[in-house]
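Input sequences plus hints: build the corresponding full structure.
Quick note, the sequences are listed as chains A and B, same order.
Its first residue numbered 36, the first sequence is counted upward by one per residue in the working numbering.
Its first residue numbered 36, the second sequence is counted upward by one per residue in the working numbering.
Quick caveat, the hints were computed from the structure, so don't treat them as lab data.
Mixed in with the good hints there might be a few duds.
Said to hold, decoys possible - For the chain B half of the interface with chain A, some residues (derived, Cβ under 7 Å), not all of them:
{"hint": "1", "residue": "Gly253"}
{"hint": "2", "residue": "Phe254"}
{"hint": "3", "residue": "Gly255"}
{"hint": "4", "residue": "Gly257"}
{"hint": "5", "residue": "Leu278"}
{"hint": "6", "residue": "Glu296"}
{"hint": "7", "residue": "Leu300"}
{"hint": "8", "residue": "Ala309"}
{"hint": "9", "residue": "Tyr313"}
{"hint": "10", "residue": "Leu314"}
{"hint": "11", "residue": "Leu316"}
{"hint": "12", "residue": "Val324"}
{"hint": "13", "residue": "Glu326"}
{"hint": "14", "residue": "Leu329"}
To be verified - So these bits of chain A aren't anywhere near chain B, every CB distance computed over 10 Å:
{"hint": "15", "residue": "Ala88"}
{"hint": "16", "residue": "Ala185"}
{"hint": "17", "residue": "Ala301"}
{"hint": "18", "residue": "Gly315"}
{"hint": "19", "residue": "Val324"}
Unchecked claim - Which chain B residues face chain A? A few, computed with CB under 7 Å, are given here:
{"hint": "20", "residue": "His80"}
{"hint": "21", "residue": "Val84"}
{"hint": "22", "residue": "Thr86"}
{"hint": "23", "residue": "Ala88"}
{"hint": "24", "residue": "Lys194"}
All C-beta atoms in this analysis are idealised placements derived from N, C-alpha and C, irrespective of residue type, glycine included.
Number of protein chains: 2
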Amino acid sequence: MHAPLFEAVPNFSEGKDGTKISRITEAVRAIPGVRILSLHSDPDHNRSVLTFAGEEDPVLSGALALAKACATELDLASQSGEHPRMGVLDVLPFVPLEGATMDDAVRLAHKASESLGFLGFPVYLYGSAATNPHRRSLPDIRRGGYEGVASRISDPLWKPDYGPKTLDSHRGVVAVGARPFLVAFNAYLDTDDVEVARVVATRVRESGGGLPAVRALGFGVGGKAQVSMNLTDLEQTPIPVALEAVRSAAADLGASVESTELVGLAPLEAVLQAARYYLGLRELEADHVLESRLYGRSDPRRL
Amino acid sequence: MHAPLFEAVPNFSEGKDGTKISRITEAVRAIPGVRILSLHSDPDHNRSVLTFAGEEDPVLSGALALAKACATELDLASQSGEHPRMGVLDVLPFVPLEGATMDDAVRLAHKASESLGFLGFPVYLYGSAATNPHRRSLPDIRRGGYEGVASRISDPLWKPDYGPKTLDSHRGVVAVGARPFLVAFNAYLDTDDVEVARVVATRVRESGGGLPAVRALGFGVGGKAQVSMNLTDLEQTPIPVALEAVRSAAADLGASVESTELVGLAPLEAVLQAARYYLGLRELEADHVLESRLYGRSDPRRL
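Below, the structure written as structure tokens:
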């Protein structure tokens, strides 16, 4: 048995200054046992999203090192960008990976929040870690950005879960959460009519009575109608099932799927599901994949 | 840059005696840097197939440790089984994995053969490592088993490539080769008519003018007609292309593919190919797979 793995996906309020971004990410990289998976910096939003993973203790240490570096390097009072930011370390979701449950991620979110509180960050818990239903949704917490939070923080309904109950204009607040692994999967249609993508999105998503654990929106991207999906539970709805629903809904409107794309990372299981589904495989597990056997955490000594 | 990886797939002439099989495989397992991937022992054929992998030096040491253990534990003179065996260590193919070319595997086969020769094993090189076209095919080397080899060994055409030029009745000879990674993929049809599977196999395989790098045979397995395929070069013919050819050939005969199976291991790229093909993905590389990023050999420090 191996220790459960977690992913942290902190969003911090700097997307332009390469030196600062580098100092902040290096603070995480310096923690033994942390594996940096990706970094996306967006200059327009003046915001970066770092993804790192590891066992509980390194991920927790990485998150705290990142928070300290954000407090040192960044100043919300002098920061601007399109994104309605509320803190230098803005959002910090924890995601359960191999061997971890959502409850484990919620516990980790609480543990991190307690330490962030000691470090002087007011913390709102959100997502599966929320202590109150009206704080479950991140947009509700963030409404109005820093100024919105400042106007609400003395309201007992919006008392921070951890840390100071007042705002420091330099560091702001941080929303710490637990959420499932998201697979972002987009389908491009053979039409430039965004309305077709919107209708397809409405039909396939859970909120429209479609597939469970599927969020979908229609956009126009590069002259093509795009159905943009977030799959939040691949056991409930794997990629092939979502895609076939899009293909079918598009066909009803006289359109078809020209190509698709996976944004960011997908777990190996998502790829195995697709291979099983379309190849008609009786069985296909990670154990059948050479690289899993060569590099995986499965103990080869037990063979 | 990482060192190239190789796989060795030795076949040795013991498939019944668990103690002996275990002593032989433990000799390989004891080599640091060797990863045991699988062991299949067949009592009827009285034969075991061990698969292990690693960088060049550990794989070479593992192969030599295995050969010594086979010579110690096994005696061809007192061995019997359905398989036409020719040595205690019967066949030793090397397969290029990540970062390795077929030429690298051929060099490794020669290096291993030289050492096996010093250890007293007469060696025939086969496959891509063959020194002579008439020794390229393993069945040609093995024809008649030990007795066949004994009758040919003094013929200059069949002089061993390395080691003694005479046979020791206890250890016999070993065929050392280099071959591509094989993906074994079977399709089960919705008919019990083996003839349908045979006709489909003939149409899809390279030797029948079908797909390159595909070998195929038709069998009856568990009351179903089975098309059994070996794909020897997934860049030339990936699994989905082979399967669609089988589906199409079967449909021409009024049959269809009910299910499929992958026997043994497949490289991650084979699964990615299937997902790309059927999902219409613009791009899907190992880098998009979470586990590859978590456990792979790619250096996360370079991100």
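Consistency of the hints with the structure:
Here the hint on glycine 253/B is broken, as its CB sits about 18 Å from the closest CB of chain A, past 7 Å. Nearest Cβ of chain A to the Cβ of phenylalanine 254/B: about 16 Å, over the 7 Å cut. The hint is violated. Annotation: glycine 255/B was flagged as interfacial toward chain A, and the flag is violated, the nearest CB pair being 17 Å apart, outside 7 Å. Using the Cβ-Cβ criterion of 7 Å, the hint placing glycine 257/B at the interface with chain A is not satisfied: the shortest such distance is roughly 12 Å.
Interface hint at leucine 278/B: satisfied, since its Cβ lies 6 Å from the closest Cβ of chain A, which is below the 7 Å cut-off. Checking glutamate 296/B against chain A by beta carbon gives a least distance of about 5 Å; that is within 7 Å, so the hint holds. This hint holds: leucine 300/B has a C-beta 5 Å from the nearest C-beta of chain A, less than the 7 Å allowed. Interface hint status for alanine 309/B: upheld, as the beta-carbon distance to the closest one in chain A is roughly 4 Å, under 7 Å.
With its C-beta approaching chain A no nearer than about 4 Å, tyrosine 313/B sits inside the 7 Å limit, and its interface hint holds. The closest approach between the C-beta of leucine 314/B and any C-beta of chain A is roughly 5 Å, which is under the 7 Å cut-off, so the hint is satisfied. Residue-level restraint check for leucine 316/B holds (minimum Cβ-Cβ distance to chain A is 5 Å; threshold 7 Å). The criterion of a C-beta within 7 Å of any C-beta in chain A is met by valine 324/B, whose closest approach is roughly 5 Å, and the hint holds.
Interface hint at glutamate 326/B: satisfied, since its Cβ lies 5 Å from the closest Cβ of chain A, which is below the 7 Å cut-off. Given hint, leucine 329/B at the interface with chain A, holds; its Cβ is 6 Å from that chain's nearest Cβ, closer than 7 Å. With a minimum CB-CB distance of about 6 Å to chain B, alanine 88/A fails to clear the 10 Å threshold, and the non-interface call is violated. Listed as a non-interface residue, alanine 185/A keeps its Cβ farther than 10 Å from every Cβ of chain B; the least gap is roughly 36 Å.
Its beta-carbon lying about 6 Å from the closest one in chain B, alanine 301/A breaks the requirement of being farther than 10 Å from that chain. Not every CB of chain B is more than 10 Å from the CB of glycine 315/A (nearest about 5 Å), against its label as outside the interface. Non-interface status of valine 324/A relative to chain B is broken: a Cβ of that chain comes within 10 Å, the nearest being about 5 Å off. Given hint, histidine 80/B at the interface with chain A, is violated; its Cβ is 21 Å from that chain's nearest Cβ, farther than 7 Å.
Hint status for valine 84/B relative to chain A: violated, with the closest Cβ pair at about 13 Å, above 7 Å. At about 9 Å, the closest approach between the beta carbon of threonine 86/B and any beta carbon in chain A exceeds 7 Å, and the interface hint on this residue is violated. A cut of 7 Å between beta carbons decides the hint on alanine 88/B: the least distance to chain A is about 6 Å, and the hint holds. Hint status for lysine 194/B relative to chain A: violated, with the closest Cβ pair at about 36 Å, above 7 Å.
Hint compliance for this structure: hints 1, 2, 3, 4, 15, 17, 18, 19, 20, 21, 22 and 24 are broken, all remaining hints hold.
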